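Protein sequence lines, in the order shown, are assigned to chains H and W. According to my numbering, the first sequence is numbered sequentially starting from 1. According to my numbering, the second sequence is numbered sequentially starting from 1001.
To be clear, the hints were calculated from the coordinates, so they are not data collected in a lab. Just so you know, not all the hints are guaranteed correct.
Computed far set for chain H versus chain W, every beta-carbon distance over 12 angstroms [unchecked claim]:
1. Asn106
2. Thr110
3. Val120
4. Leu131
5. Arg132
6. Gly134
7. Phe197
8. Trp211
Some chain H residues flagged as far from chain W (calculated, every beta-carbon gap over 12 angstroms) [stated by the list, open to error]:
9. Leu6
10. Lys9
11. Ile10
12. Ala34
13. Val47
14. Val95
15. Ile104
16. Leu123
17. Phe144
18. Leu150
19. Arg164
20. Met187
21. Asp190
22. Phe195
23. Arg222
24. Leu226
Partial list, derived from the structure: chain W residues whose beta carbon lies under 8 angstroms from chain H [stated by the list, open to error]:
25. Ile1059
26. Met1217
27. Pro1218
28. Ile1224
29. Val1241
Small disclaimer: the values here were computed from a predicted structure and weren't measured. Yeah, the Cβ is synthetic: ideal placement off N, Cα and C, and Gly gets one too.
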Amino acid sequence: MQAKPLALKILDITAVLLFAVGAYMALVYAPTEAVMGQVQRVFYFHVATAWVALLGFIAAGVTGVIYLVTKNMKWDIVEVAAVEISLVFFFITIVLGSIWARPIWNTWWTWDPRLTTAAVTELIYIAYFMLRQGIEDPDRRARFGAVYTLVGAVSAPITFFAIRLFRTIHPVVIGSPSAEAQGGFSMTADMRTAFFFNLFAFTVIFVSFFWNRIRMGQMQARVEQLKLKVMQ
Amino acid sequence: MSDRPVTANSKRLSTVQDPPSANFARAVWAVVQKDLAAEFRSRELLSAMLVFAILVILIFNFALELDIKVRQSVTAGVLWTTFAFAGTLGLNRSMAVEKDRGCLDGLLLAPVDRAAIYFGKVISNLAFMMIVEAIVLPVYSFLYNINLFDPGLLLVILLGSIGYTAVGTLLASMAVQARTRDVLLPILLFPVAIPVLLASVKASGGFLSGAELTEIMPSLNLLIVYDVIFLSLAFMVFDSVVEE
Chain H
1 MQAKPLALKI LDITAVLLFA VGAYMALVYA PTEAVMGQVQ RVFYFHVATA WVALLGFIAA
61 GVTGVIYLVT KNMKWDIVEV AAVEISLVFF FITIVLGSIW ARPIWNTWWT WDPRLTTAAV
121 TELIYIAYFM LRQGIEDPDR RARFGAVYTL VGAVSAPITF FAIRLFRTIH PVVIGSPSAE
181 AQGGFSMTAD MRTAFFFNLF AFTVIFVSFF WNRIRMGQMQ ARVEQLKLKV MQ
Chain W
1001 MSDRPVTANS KRLSTVQDPP SANFARAVWA VVQKDLAAEF RSRELLSAML VFAILVILIF
1061 NFALELDIKV RQSVTAGVLW TTFAFAGTLG LNRSMAVEKD RGCLDGLLLA PVDRAAIYFG
1121 KVISNLAFMM IVEAIVLPVY SFLYNINLFD PGLLLVILLG SIGYTAVGTL LASMAVQART
1181 RDVLLPILLF PVAIPVLLAS VKASGGFLSG AELTEIMPSL NLLIVYDVIF LSLAFMVFDS
1241 VVEE
């Protein structure tokens, strides 16, 4: 078994440090928002985790296509890693969003395009793992997984636009907000620093998780190979 | 696999004789004919879908207390839920039959483009779904005294059913190859079919309440876009789904 590469060790430590500093920036450094108060601090993590989940979502779709073209098992391992990380981060995003929405929107949940798309994406990911679980042959499992991520990657944006035909109350902090948005605010310079720092920190955390998960997938594949060898 | 050379040969022969497009269309039609003939002899699928659809409407009747006021606003939703549930039943069964009796392997050995098998399956599944819809609509009209024979609504039902069966046929051919196939199809299908159901419900509701066409157009466009995207996507990836 190969030892953990030095670059990955450094990356892991950097990710932990960045997370600690990011948490400090969000919870202490950034000024308290005037109208919403302390609960607004959720925003720094909410957007950062959503960003990471989106990165994972895109990575999964792209590696799905690459797998279908190359039929190389290593891309399947990357795809599973991306889906798994995205699943967890979307879940964190939804939970954090609900915590913020309860006092601001006066409800835990609303069927807004962003919320619904995140929830539907979670369901697609869960279906993805259920599909994989039901198939023993590794090649077929990889092919079906890739096809389903592709179908999901195409369908989720359409879901977003479909629900956008209705109105939305989700605030748009970056870019132009819509008239119906509730709970929007404009960032001060300190808030912006904290925000972009967290975005950066979570991107590094994502890369670290992604790399570790891919390594784990490779080891799993190797264990399976060895098991087959022993049985023969 | 001793018959591989033979199939490869016959493929070459037939493509020499006919233009490829005619060949493709004939293969699609052969699959459709096979499915329809098998179904009209056994009537397993249609009778199950129909009885199920009527039961769903019956349950909605009591669950939602479909009195005259409620009916106006929920008819589109009730209809599409019924179609979606009955559709899943049909999609699952139509692929499971192929798998169980080894017909799928036979189909795959045929010297035709595999996309032709997919389109044949989509068309026959669509036909079953449309037959069920053609019976459910008058039954619903009769039971609830609502006129559902609006050309706009029929167009929405056609477009929605195309999108639903396009993605459903692809996913059903994966689901039947999994261990948990009986429960898997709805779980795979519903999250990715949400845009179709949403746009169909919205457009049907618009036509039923007599809304302006400009209000309904976005949903109709969305349905067309979804149909085109998923038919072409399935066309491209179907090979990887049935490959052995």
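Going down the list of hints, with the structure as the test:
no., hint, verdict
1, Asn106, "25 angstroms, holds"
2, Thr110, "16 angstroms, holds"
3, Val120, "5 angstroms, violated"
4, Leu131, "6 angstroms, violated"
5, Arg132, "9 angstroms, violated"
6, Gly134, "3 angstroms, violated"
7, Phe197, "34 angstroms, holds"
8, Trp211, "28 angstroms, holds"
9, Leu6, "38 angstroms, holds"
10, Lys9, "38 angstroms, holds"
11, Ile10, "39 angstroms, holds"
12, Ala34, "38 angstroms, holds"
13, Val47, "24 angstroms, holds"
14, Val95, "20 angstroms, holds"
15, Ile104, "26 angstroms, holds"
16, Leu123, "4 angstroms, violated"
17, Phe144, "5 angstroms, violated"
18, Leu150, "6 angstroms, violated"
19, Arg164, "10 angstroms, violated"
20, Met187, "33 angstroms, holds"
21, Asp190, "40 angstroms, holds"
22, Phe195, "31 angstroms, holds"
23, Arg222, "25 angstroms, holds"
24, Leu226, "24 angstroms, holds"
25, Ile1059, "23 angstroms, violated"
26, Met1217, "11 angstroms, violated"
27, Pro1218, "5 angstroms, holds"
28, Ile1224, "12 angstroms, violated"
29, Val1241, "6 angstroms, holds"
Violated hints for the displayed structure, listed by number in ascending order: 3, 4, 5, 6, 16, 17, 18, 19, 25, 26 and 28.
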